[in-house]
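> Following the hints, put chain B in place on chain A, whose structure we already have.
If you're matching them up, the sequences are chains A and B in order.
Position one of the first sequence corresponds to residue 1 (full-length UniProt numbering), numbered consecutively onward.
Position one of the second sequence corresponds to residue 1 (full-length UniProt numbering), numbered consecutively onward.
These are computed hints drawn from the structure, not numbers from a lab.
Built from N, CA and C at the ideal position, the CB exists for glycine as well.
Some hints here could point you the wrong way.
[Unchecked claim] When the alpha-carbon atoms are kept at most 27 angstroms apart in a straight line, the in silico DSSO-like pairs for lysine-lysine are as follows:
| id | chain 1 | residue 1 | chain 2 | residue 2 |
| --- | --- | --- | --- | --- |
| 1 | A | Lys-148 | B | Lys-18 |
| 2 | A | Lys-110 | B | Lys-18 |
| 3 | A | Lys-261 | B | Lys-125 |
| 4 | A | Lys-146 | B | Lys-18 |
| 5 | A | Lys-148 | B | Lys-150 |
[As the list claims (entries may be wrong)] With beta-carbon atoms standing in for the labels, derived distance ranges:
| id | chain 1 | residue 1 | chain 2 | residue 2 | range |
| --- | --- | --- | --- | --- | --- |
| 6 | A | Glu-363 | B | Met-1 | 51 to 61 angstroms |
| 7 | A | Pro-32 | B | Gly-16 | 25 to 35 angstroms |
| 8 | A | Lys-343 | B | Arg-32 | 39 to 49 angstroms |
What follows is each chain in one-letter form.
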Amino acid sequence: MAYSYQLKRVDFIFRNENDWEKVLSATIKKKPDEIINELISSELKGRGGAGFPTGLKWKLTSEAKATTKYVICNADEGEPGTFKDREILSKVPYKVLTAMAVCGYVTGAKEGFIYLRGEYKFLEEELNKVIDEFEYYCKEINLDFKIKIFMGSGAYICGEETALMESMEGRRGEPRNKPPFPTQAGYRGMPTVVNNVETLVHTWTIFKYGAKKFYDLGVQYSRGTKLFSVSGDTPKPGIYELELGMSLQDFVYEFGDGDTKAVQVGGASGFLVPRKKFKDTAIGYEGKLVGISLPTGGSMMLFNSSRSMFNVLDNYLEFFREESCGQCTPCRVGCQQLLLGIKAVKRGEKPANYLDKLLKLTETMQLTAKCGLGQSVANSFSSIVGNFREEMIY
Amino acid sequence: MNPIQSLIKDLADQYGRKRESLLPVMQGVVQREKFLSEYAMVEIAREMDIPAAEVFGTATFYSFLETKPAGKYIIRVCKTITCAMKGKNQLMFAIQDMLKIKPGETTPDKRFTLLETNCLGWCHKAPAMLINDEVYTEVSPERVREILSKYMKENI
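The following block holds chain A by itself, in its conformation from the complex (with noise of 0.2 angstroms):
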C-alpha cells in the first residue's frame, strides 16, 4: 500500500544527559535578553495545550517591575490520556530544574515551585532528593534559586495556571479573571511564569543544542517537537516524542489497531477526529497548514468500532460536571444539563433535535465560560456529536 509515511521520531527530552551542571552555568553566563531572544526565535510554544510562546512569557515576566517574582512548573497533569509530565519527572527531573533557575535567574525570580497534583505523590520523595543535590550545586555557582513542590489534592481545575496559584494560596482552586495575567501579577499577587513540565525540558534542549536545532524540527508554526501520550486501542501504548505538524492519518497508521473509527486530540478537553478526516487533519498550533490543524497537550486516545461515541461523551461529561470549579453558572450548569440532555435523548424522552438545542449551549457556554474548561467543553461536544450523531440517538 503507498502513503506516505511521515512521523518523525525524536530523541531529545528522555535523552539520558549528565551535564546538567554544565549546562547550567554556560547558560548563565549569558545575558538574560540573550536567552530570551533565542527562546523567541526558537518559536518554542507552551505544551501545556495552550500554546503560549514562552520566550514571550519570560520577556513580560523580566520586564515586570517587582521586589519579588516566581517561577512555578505546572505539574498539574489533569487531562485525561496525558501521562507525559509525570515521565519527565521521574526520568530527567534535572532537566526541568535546570530550566526553572535559568528562568529565575532571566526574570530575576529567587523561589520556584513544582505543583505537583496528589495522584503523583508517590513522585515527592525522589524529586525531592533531585532538588537538594539541585539547590546545593546553584549554591556553589553562587545562584540564588529555591525550589519547592506544592502538593495539589486531586482537582483538575488546579491545571488552570490562575486555579493554581489560588490553590498554592491556599484557597478554593478557582480561576481568576485575566488580565491581570500571572505575568503580571500572579502568585501572591506577584509576576510569575507558570510553564509545562515538557515546556521547561523545551527549553533546556533550546540552551543545550540551540535555538536553530529546535527551531529545524516540526512545521512552520508549530516548530520542535512535542511528547504524545497514546492510550485506548491501539497495539503499542505509551509516550512518544514526535515532530510536530504530523498529519492524524500517518499518525493512524502508526499506532491505530488496523480499526480506529476516532482520535481524541487533546483529551476530554479537545477535539474528536473522525476516520473521514484522519487525511485533512495536522496536529500543530494554529497556522498555515492545510487542513485542519489541532493543538494537543499530547494526548492522543484512538477508539476502533467497537467503542460507542455515546458512552465516550458521557465519559467527559460526568467528568466535566465533576472537576467543573462551580464558580461561573455557564460552566456549573452548563456541564449538568448538558449530561442530563445526552441521556434523555437515547433514552428517547427528548428528541433528537435537542441534541441542536444542547449544541447552543456549549456556543454559550464557549462565549461565556470563565476559563478554559468552561470554554472547551463545546470542543469534545460538538465534535461528537457533529460526526456521530446517530450514535447519540439510537
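Same frame as chain A, now just chain B:
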C-alpha cells in the same frame, strides 16, 4: 492538648500559619487521620487564625481532602475514559465482591474505603487504581484480589 490539636500545632509549626500553608496543613492531617473531621477543621481555623468557614470551603473543594470518615486504605479506582474502556467496571465488581462494600463506603473494620476518581494519568496502562499513594496499573480482577488479600493480611 488532645492528639488532633497537637498534630495540627506541629503541622502549623512546620509549615507556618500563613494562608499559603493551609493546604499542606490539611494534607498533613489527612495523611495521619485519613480525613478532616469538622472538629479538625475548626482546630485548624483556630490554630491558623483563618475563619472556619474558609477552612471548610477550601477543604471541600479538593477531592483528596476527605471530609467523611475513611478507612486506613483508601482505594481510588480511575473511572475516566481509557480505564472505563479497559475494564474498570470488572475491577470495581471484583473489589466490591471482595470487600462487600459499594463505592463511597468503608468496611466495618475501618480498613478499606472504596472510591472512584478521575483520570490518574496511567491511561497507557489502564485500568489503574491508587491505594493510598501507591499506584497499581493494568489491574485485572484476578490481580486486584491478590493485591487486596495482601493488604488484608498485612498490617502495613
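> Evaluate each hint against the coordinates.
Right, here's what the structure says about each hint:
1. A hinted pair counts as satisfied when its Cα atoms are at most 27 angstroms apart, and Lys-148(A) with Lys-18(B) qualifies at roughly 16 angstroms.
2. Annotation: proposed proximity of Lys-110(A) to Lys-18(B) holds, straight-line Cα distance about 20 angstroms (limit 27 angstroms).
3. Taking the CA atoms of Lys-261(A) and Lys-125(B), the gap is about 21 angstroms. The hint holds against a cut of 27 angstroms.
4. Distance restraint check for Lys-146(A) and Lys-18(B): the Cα-Cα separation of roughly 19 angstroms lies within the 27 angstroms cut-off, and the hinted pair is therefore satisfied.
5. The straight-line distance between the Cα atoms of Lys-148(A) and Lys-150(B) is roughly 35 angstroms, outside the 27 angstroms bound, and the hint therefore fails.
6. For Glu-363(A) and Met-1(B), the Cβ-Cβ distance of about 57 angstroms falls inside the hinted range of 51 to 61 angstroms, so the restraint holds.
7. For Pro-32(A) and Gly-16(B), the hinted distance range of 25 to 35 angstroms is satisfied, since their beta carbons lie about 31 angstroms from each other.
8. Against the hinted window of 39 to 49 angstroms, the Cβ-Cβ separation of Lys-343(A) and Arg-32(B) comes to about 41 angstroms, which satisfies the hint.
The structure shown violates just one earlier hint, number 5.
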